[in-house]
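J.: Protein chains in written order, with the working numbering: chain V, 4 to 291; chain C, 30 to 299.
There's no promise every hint is true.
Here are the simulated lysine to any residue pairs, SDA-like style, with alpha carbons at most 20 Å apart [unchecked claim]:
id, chain 1, residue 1, chain 2, residue 2
1, V, K199, C, L111
2, V, K199, C, L102
3, V, K220, V, R281
4, V, K199, C, N97
5, V, K248, V, T265
6, C, K130, V, I189
7, V, K199, C, R151
8, C, K130, V, Y123
9, V, K199, C, I149
10, C, K130, V, Q188
11, V, K220, V, L104
12, C, K130, V, D185
13, V, K199, C, A150
14, V, K199, V, A210
15, C, K130, V, G183
16, V, K179, V, L212
17, V, K199, C, G101
18, V, K248, V, R85
19, V, K248, V, A70
20, V, K248, V, L104
Quick look at which bits of chain V chain C covers, simulated, 3 or more residues with Cβ under 8 Å [unchecked claim]:
id, segment
21, 189 to 195
22, 198 to 207
These aren't lab readings, by the way, just hints derived from the structure by calculation. The structure presented is a predicted model; accordingly, all values stated were derived computationally and were not measured. Backbone N, C-alpha and C define an ideal beta-carbon position, used for all residues, glycine too.
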Amino acid sequence: MSVPSGQNLTSADTAASLAAPTRRVAATQRGARPRHEWATVLASQLILVGLLLGLWELATRSEPARAFLYGSPSAILTNLVRTVRDGSLWQDTALTGSETLAGFVLGNVLGAAIGLALWYSRFASRVLQPFILALGSIPIVALAPIVIIWFGTGFASKLAMATLSVVVVALVIAYKGAMGVDPDQINLMRALGAGKHQIFLHLVVPASLTDIFAGLKLTVGFALVGAIVGEFMSSAAGLGHAIFKAGSLYIISRVFAELAVTILLALLLSAIVSRVERWLLPWRHDLQ
Amino acid sequence: MSATIDTAAPQPARRQEPPVQACGIGKSFSATGGAATEIIRSISFSLARGEIVSIVGPSGCGKTTLLNMLCGLLEPSSGGILWHGREIDGVPRGLGYMLQKDLLLPWRTALQNVMLGLRIARVPAREREERARAWLARLGLADFAGYYPSALSGGMRQRVALARTLAPDPEVLLLDEPFSALDFQSKILIERDTVSLVREEHRSLLLITHDVEEAVGMSDRVLVLSHRPCSIVAEHSIRLPVPRTEMIAARETREFAQHVRAIWTELDIR
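Please build the complete structure, drawing on both the sequences and the hints.
T.: Here you go:
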């Protein structure tokens, strides 16, 4: 095992102990068995849903009073078709979706900015800590009446509700991420000659953004809750508005129809965020 | 190629003075409410240009504290540290620092990790990439430049960390148990590469380790530390009848075994 000269040191261990192939092998092994299992799980889920809907339909068919009180699958379907036909489905979904997304983005940006800024000044973080904790302990729903008074009944108040639901969580995640940076990592940066600003820029910001990105799936759900609560309080359109209106008029099947659409919207948003997360965190092999 | 970054330091001083000198440094920590615990008691030694010195000691004796003081991350309670004959103020320039943990940033590829020190030193982007690629190639990782650390093995990650340490062209390397988490084969290979890369440019290397064989295999001198409060109990000049990059051959010599046995005795393992 002699080396010809200093230049181009060959190393046997790079070829021998290459992690990538082993990882791939492990992945296929993990993938092979569940593929079979996956189909069984899906089939069981479909049977379960079918069974529940069937029982529900059967129980409400025999007794019209029950159908009024609990709704029925067939009526839910009729309501869904109606909302698709008159276009309200798309309008409400688009409105609630954009309120949610705007609040989600704004809340995360604000939260990350404030959380990171707190790393920069130990003093500011000491001063602000109790206020942040207080803000974080308020149920955001309780703020809805004030938010409506301050921001009106339109888009702005829903945006504010969604943002408020996200911002404190994002702030805490960013702050914890920033403060949780390995001290050895900071020492290494210092040994490389980095000042506080460079440590912040090259280490603390990316480290805490990594945590924020990983928390996106959590906060998108919060944003949706915020937007819908805002719509409950006072609004002229949106899924929350539709649910509230149908509920007030005792059209239970309509409530369920809008609820189903809300669930689809939540799943769609969560899928988009997963995609974005994978794109933002390309080194996280557990996400790929 | 050496010392392209550090242009401010006066050249004559560098010739005469050893790059690193520890003059009677000691360190005590005061526990909360309790009396001060003395970790290190009056350690003095010097590291000459182009010299490889290892410090071995029983575990928990304060080796890492010593290293952190030497590179200006921690202030000694007594004594002083001189870099090129001058008292240090903060982290000195021309320092390479590497720990057992590779400390690679997970969001940077191998190449970007190697470029980190150059980025901090504000080396222009093109030169930065060229130099980083050259270092990866010298450590046999040319094909893995675009890999994230999570896709590399422990040995490869530590190689990337070594490339990152060497890329800013440091004069003095301070390594704290850098290879102790690696398997034997990876360890021998990276030790060999480290020795030749350090010798080639006449860098100085201070290696802190608990692995006596690693210390004897790589160093010109080995300093042995005592239990806490630690001080230097012995110094060995290592002379082996084979070239110092022949790690395996070196281990088979009688001299190697003698050095190892002597140091083991002095370590006083309880």
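J.: Hey, V/K248 versus V/R85, does the alpha-carbon distance stay inside 20 Å?
T.: holds (16 Å)
J.: What's the verdict on V/K199 and C/N97, does the C-alpha distance respect the 20 Å limit or exceed it?
T.: holds (18 Å)
J.: Check whether the Cα positions of V/K248 and V/T265 lie no farther apart than 20 Å.
T.: holds (15 Å)
J.: Between C/K130 and V/I189, does the CA-CA distance stay at or below 20 Å?
T.: holds (13 Å)
J.: What's the verdict on V/K199 and C/A150, does the C-alpha distance respect the 20 Å limit or exceed it?
T.: Between V/K199 and C/A150 the Cα gap is close to 14 Å, so the pair holds against 20 Å.
J.: Is it true that the CA of V/K248 sits at most 20 Å from the CA of V/A70?
T.: Status holds; Cα separation ~19 Å.
J.: Run the distance test for V/K199 versus C/G101: straight-line Cα separation, threshold 20 Å.
T.: Given that 20 Å is the threshold and the Cα spacing comes to 16 Å, the pair holds.
J.: Given the hint that V/K179 pairs with V/L212, test it: the Cα-Cα distance must not exceed 20 Å.
T.: Measuring from Cα to Cα gives roughly 11 Å; hence the hint holds.
J.: Please verify whether C/K130 and V/Q188 have alpha carbons no more than 20 Å apart.
T.: With a Cα-Cα distance of about 9 Å, the restraint between C/K130 and V/Q188 holds, given a limit of 20 Å.
J.: Need the status of pair V/K199, V/A210: alpha-carbon distance at most 20 Å?
T.: Roughly 15 Å between the alpha carbons, so the hint for V/K199 and V/A210 holds.
J.: Between the alpha carbons of V/K199 and C/L102, is the straight-line distance 20 Å or under?
T.: holds (14 Å)
J.: Taking 8 Å as the Cβ threshold, is the statement that the segment 198 to 207 of chain V is covered by chain C upheld or broken by the three-residue rule?
T.: With 3 residues closer than 8 Å to chain C, the segment 198 to 207 of chain V meets the three-residue bar; holds.
Hints 1, 8, 20, counting from the list given before, are not met by this structure.
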